[in-house]
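S.K.: The lines below spell out each chain.
4 protein chains.
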Amino acid sequence: MDVGFVGLGSMGQPMARNLLRAGHHVTVWNRTRARAEALAGDGATVAGTPAEAARGGVVLTMVSDDRALEAVVSGPDGLLAGLPRGGLHVSMSTIGVATAERLLRGHEEAGRRLVSAPVFGRPDAAAAAKLSIVAAGREADITLARPLFEAMGRQVLVVGARPPEANLVKLAGNFLITAAIEGLAEATAVVAKGGVDRRKFLEVLLGTLFDAPVYRGYGSLLVEERFSPPGFALPLGIKDNRLLLEAGERLAVPLPLASLVRDRMLAALARGWGDLDWSVFARISAEEAGLSDAPRAASSGATSP
Amino acid sequence: MDVGFVGLGSMGQPMARNLLRAGHHVTVWNRTRARAEALAGDGATVAGTPAEAARGGVVLTMVSDDRALEAVVSGPDGLLAGLPRGGLHVSMSTIGVATAERLLRGHEEAGRRLVSAPVFGRPDAAAAAKLSIVAAGREADITLARPLFEAMGRQVLVVGARPPEANLVKLAGNFLITAAIEGLAEATAVVAKGGVDRRKFLEVLLGTLFDAPVYRGYGSLLVEERFSPPGFALPLGIKDNRLLLEAGERLAVPLPLASLVRDRMLAALARGWGDLDWSVFARISAEEAGLSDAPRAASSGATSP
Amino acid sequence: MDVGFVGLGSMGQPMARNLLRAGHHVTVWNRTRARAEALAGDGATVAGTPAEAARGGVVLTMVSDDRALEAVVSGPDGLLAGLPRGGLHVSMSTIGVATAERLLRGHEEAGRRLVSAPVFGRPDAAAAAKLSIVAAGREADITLARPLFEAMGRQVLVVGARPPEANLVKLAGNFLITAAIEGLAEATAVVAKGGVDRRKFLEVLLGTLFDAPVYRGYGSLLVEERFSPPGFALPLGIKDNRLLLEAGERLAVPLPLASLVRDRMLAALARGWGDLDWSVFARISAEEAGLSDAPRAASSGATSP
Amino acid sequence: MDVGFVGLGSMGQPMARNLLRAGHHVTVWNRTRARAEALAGDGATVAGTPAEAARGGVVLTMVSDDRALEAVVSGPDGLLAGLPRGGLHVSMSTIGVATAERLLRGHEEAGRRLVSAPVFGRPDAAAAAKLSIVAAGREADITLARPLFEAMGRQVLVVGARPPEANLVKLAGNFLITAAIEGLAEATAVVAKGGVDRRKFLEVLLGTLFDAPVYRGYGSLLVEERFSPPGFALPLGIKDNRLLLEAGERLAVPLPLASLVRDRMLAALARGWGDLDWSVFARISAEEAGLSDAPRAASSGATSP
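The listed protein sequences correspond, in order, to chains A, B, C and D.
Sequential numbering from 33 applies to the first sequence in the numbering used here.
Sequential numbering from 33 applies to the second sequence in the numbering used here.
Sequential numbering from 33 applies to the third sequence in the numbering used here.
Sequential numbering from 33 applies to the fourth sequence in the numbering used here.
Honestly, the hints are just simulated from the structure, not real lab data.
Here the structure is a predicted model, which is why all the values come from computation and not from measurement.
Treat each hint with caution, since some may be false.
Since the list gives no way to pick one copy over another, a pair counts as held whenever it fits inside one copy or between any two copies.
What the hints assert, rightly or not - Here are the simulated EDC-like cross-link-like pairs (lysine to aspartate or glutamate), alpha carbons at most 20 Å apart as the crow flies:
no.: 1; residue 1: Lys225; residue 2: Glu256
no.: 2; residue 1: Lys162; residue 2: Glu235
no.: 3; residue 1: Lys225; residue 2: Glu281
no.: 4; residue 1: Lys271; residue 2: Glu140
no.: 5; residue 1: Lys271; residue 2: Glu281
no.: 6; residue 1: Lys162; residue 2: Glu278
no.: 7; residue 1: Lys232; residue 2: Asp173
no.: 8; residue 1: Lys225; residue 2: Glu84
no.: 9; residue 1: Lys232; residue 2: Glu171
no.: 10; residue 1: Lys225; residue 2: Glu278
no.: 11; residue 1: Lys271; residue 2: Glu141
Taking the hints into account, I'd like the entire structure generated from these sequences.
M.R.: Below, the structure is given as structure tokens:
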């Protein structure tokens, strides 16, 4: 398939490369042109503008946030200026529901189609084509995009016919990760202060009801205080939390646990931990419990799980 | 081994039966004598008092709460009156840390030994000898009790040398279940109000980071509104939550997520849901979001997972 | 003094009238022109655009929210287009700190001056020239504006030299009102369910440490369930709460009580109480306590205190 | 009147002295006898046991907590052993509702009468006979006790006919103080980090809706970081908070703001601030905001307001 790909960050670049490997023709664009050119060796065509990347009729976006998406979509050189009537935009970034709604309206008014398809998985999963892709949109549009998804992920989970639904599901999923982290943080704080080895406690959890990647991965991060380098930095976590709270406000849905996480994350930011992994807010529970070893920053260079 | 077993409720009875099946001699006692006599056909000896059940030197207790434990332990007919110096008490009930500390002190002063060994698993797991047993105590004592544990459970997880540590771990584990439920409750409320089918959302979770028994079991309960009959009734959940908060107070450990769950559970109790499954507090999130179908009580007779 | 006044809602109209009464020449502008013309009889000059109202060199704004302020400030007809270099803008609306910062930057770049001067007090206080005006800005600018403030309020409280500080203080003050309401709501719920007459409880409060307008006013509202007509409608309260949470996020300040209020207000909105007084979120506490008379809407036509 | 007075701590001693000054015959008892003998010079008779103090038919108790009350009430030398049938017990301590209910049952079964009459006010108010006394009980009993109340306080606020209602009101009032402190703590943290002088902010509050003793007193404590010596120590505040949460649990009333305060207080305790004023938990908000001067302990010897 001939597709455009806009946004070649730590996620977008391996995703675009996997499209190329699967035999698709990919026209790439990135704000920092060097990252686009790096894909030329893999067979990509480098576009001068997002509009140019969208001209073929199918374009994927994978940018850092709502503002970045609006920047590549609008304006005379924007994706919308290039994507022909009837064309398909596959929006894979984690963005807010309000932004997705606005995008959808714009596309509908112009006779274009939109599929929202945010992903679960980090750069290593992107490189291994093992992303989980959560998609929403009209069936025909998802069918069209499916070969692309299959080149980038290990599964496609279709959640609804209106694109913003997938964005909401992604934000709710990220929230559930933070809910698990806050639970782990409080539970390990209380058992540790009560004399229990935190590693043994984690073994109990993983050996019983909590045998899931979320507890395995973040549990070991917490127990080993391994927050650097960040797999996903704290300010990005704060942004996703805010996007969910905004969705809750739009829908009139109280979210007290998400609010609790918000305040924990801000306390972590106020400590100066903005360049650590987003799970570092778990330390606030340890600090509040007066556990003396809590604030010790990990110096290990281990990668995050 | 010759052992006593005190407390033959929905958990204790299948546990005692599994000890008999494994070839142990079991002397049983229960407040309601009929439940003890029901085990006579399986080969159990029925004792007239807890003291009598403890006389052999090893006694297990599996009663409903701290007060029930204190009732069977103390007094002229109590377990302590029967258990000889050097004898071993294996306390398997979910009780508070303060009660466990008091029990330990009493045993130590009298030259008796204590292992705390609360369990994860419900009556069906008890019947199938598939409990997960979390144990703490001196190594020699745990070694002595291990054949008994193996007759009742699928694994023994040793967390420390002081018995109350196992009680604390059990309470922290139960808290983590409620943390997952609150997370699921808020997340499903917001996605449902945003138009997403809750079953599809749950599939996304189980297909990604949240593939664990806690999300699988409680997720399906929530989505299907299947809170009756209760696997574990709300008032018991409130009790365990209170025991963890009390442990947090003793140790000076703030537990804001446990506090949030406390208030959700009390709101559920105030609704008159005291005879439903403890996870019913998830409905408060749905109600607060104004989801009109939230309060519909399930009439199904399905058993809880 | 020759001044412009932009925004003639339920607050702005009596404020502008008090300026006229004090002998100032006032050029007024309002989006709905009829409300401006209503002041012509009091001696006001009606302007065709915000720019025109600002031409005299001093202009006050009192509009409903950040968006409304940006609408009257920007554009070819906007206030900025009319206000001469060296001119003074007195911004009296309750707006966000980020908006105030942006406004300040714009003014500084253009050589204009800004005083932020939000007010405490409702329409009746505005009519009686009894507002409390919280001002921040350069001393000379506040001195210039002081005769205007004195015509509209009973006191001017200067909190700092940078205008956005006054906006932050106003938002923090509004938050403290909601903190008092949430406290009252929980306290009256628990005493009422315990059999105590809520009026008697309120008397105890007002007769001891809590003898302040905030408890007197909102306490009687709560006890009498008198949420209609609204003195300040729930959606406006949600907006102000959000503006404070946003300020907290910008500054990395966790605000758990403000977050709690957020979720209570959203629960009230989800109940369909969006046209009641913002204090109606107190009912959520009563409802969660299962107090059966909680949801009964007041039908009284009494005005709010 | 001939009355007994049990409990001569920092509150009880001045209260008993005021009874003597008003011309009553007072028989005093205190666990530490020296404090009782100190009142002999004022005309008090010193009793050897609580029973002896109660023999005259009217006895007041003012002890530190539930446990202390139960200790002076029960046993062969206890107040109950001395108080004749038809006698009146005026219980003025701040105790839990469950304890008050138990006390009431005991009195009713023995044909004795109970008035609960906890107080608002600190030792200086007790010395000046300016306490606010919150009373509940049968009208005839309160009438009997009224001359005693008038000797000790500036007002008697009758809240109901069942004695435990007064205990509940007292706990709810103390909770409202902590709600105001938490509000002040968050509000001052955010304005201070935003550049506003905290004293000026407090002036705005006291000059507008918040002109009440609770904001005046605790506001100045917070702004001046004057937490030592304690007017009321943190562990006592934690106890009263727990008593309210327990009352909420008994009544099935969620109290999320009281839960928030609980966790703040425990965080303060974990910091080692157990010998400071209970309002010291306000510092947690400042710390979480990263305000560097937050943990600086005040060294001033000023008395608390």
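S.K.: With identical chains, the pair lysine 232 and aspartate 173 could be close in the same copy or across copies; at 20 Å between alpha carbons, which is it: within, between, both, or neither?
M.R.: This pair counts as between: shortest inter-copy Cα distance 19 Å, intra-copy 49 Å.
S.K.: State whether the alpha carbon distance between lysine 232 and glutamate 171 is at most 20 Å within one copy, between copies, both, or neither.
M.R.: Classified as between; 15 Å across copies, 48 Å inside a copy.
S.K.: Given a CA cutoff of 20 Å, do lysine 225 and glutamate 84 count as a within-copy pair, a between-copy pair, both, or neither?
M.R.: Cα proximity of lysine 225 and glutamate 84: none, with 59 Å in one copy and 38 Å across.
S.K.: For lysine 271 vs glutamate 141, is the C-alpha pair at or below 20 Å within one copy, between two copies, both, or neither?
M.R.: Result: close neither inside a copy nor across copies, 29 Å intra and 30 Å inter.
S.K.: At most 20 Å between alpha carbons: which applies to lysine 162 and glutamate 235, within, between, both or neither?
M.R.: Between copies only: 17 Å across chains, 27 Å inside a chain, cut-off 20 Å.
S.K.: Since the copies are identical, ignore which copy is meant and state whether lysine 162 and glutamate 278 lie within 20 Å (CA to CA) inside a copy, between copies, both or neither.
M.R.: So lysine 162 and glutamate 278 fail the 20 Å test inside a copy (30 Å) and across (36 Å) alike.
S.K.: 20 Å Cα cut-off: does lysine 271 pair with glutamate 281 within a copy, between copies, both or neither?
M.R.: both (15 Å within a copy, 10 Å between copies)
S.K.: When Cα atoms must be at most 20 Å apart, do lysine 225 and glutamate 256 count as within-copy, between-copy, both, or neither?
M.R.: Intra 16 Å, inter 33 Å, cutoff 20 Å: intra-copy only.
S.K.: 20 Å Cα cut-off: does lysine 271 pair with glutamate 140 within a copy, between copies, both or neither?
M.R.: So lysine 271 and glutamate 140 fail the 20 Å test inside a copy (27 Å) and across (30 Å) alike.
S.K.: One pair to classify: lysine 225 and glutamate 278, alpha carbons no more than 20 Å apart. Within, between, both, or neither?
M.R.: between (36 Å within a copy, 14 Å between copies)
S.K.: How would you label the pair lysine 225, glutamate 281 (within, between, both, or neither) given a Cα cut-off of 20 Å?
M.R.: between (37 Å within a copy, 11 Å between copies)
Hint check: violations occur at hints 4, 6, 8, 11; the rest are consistent with the structure.
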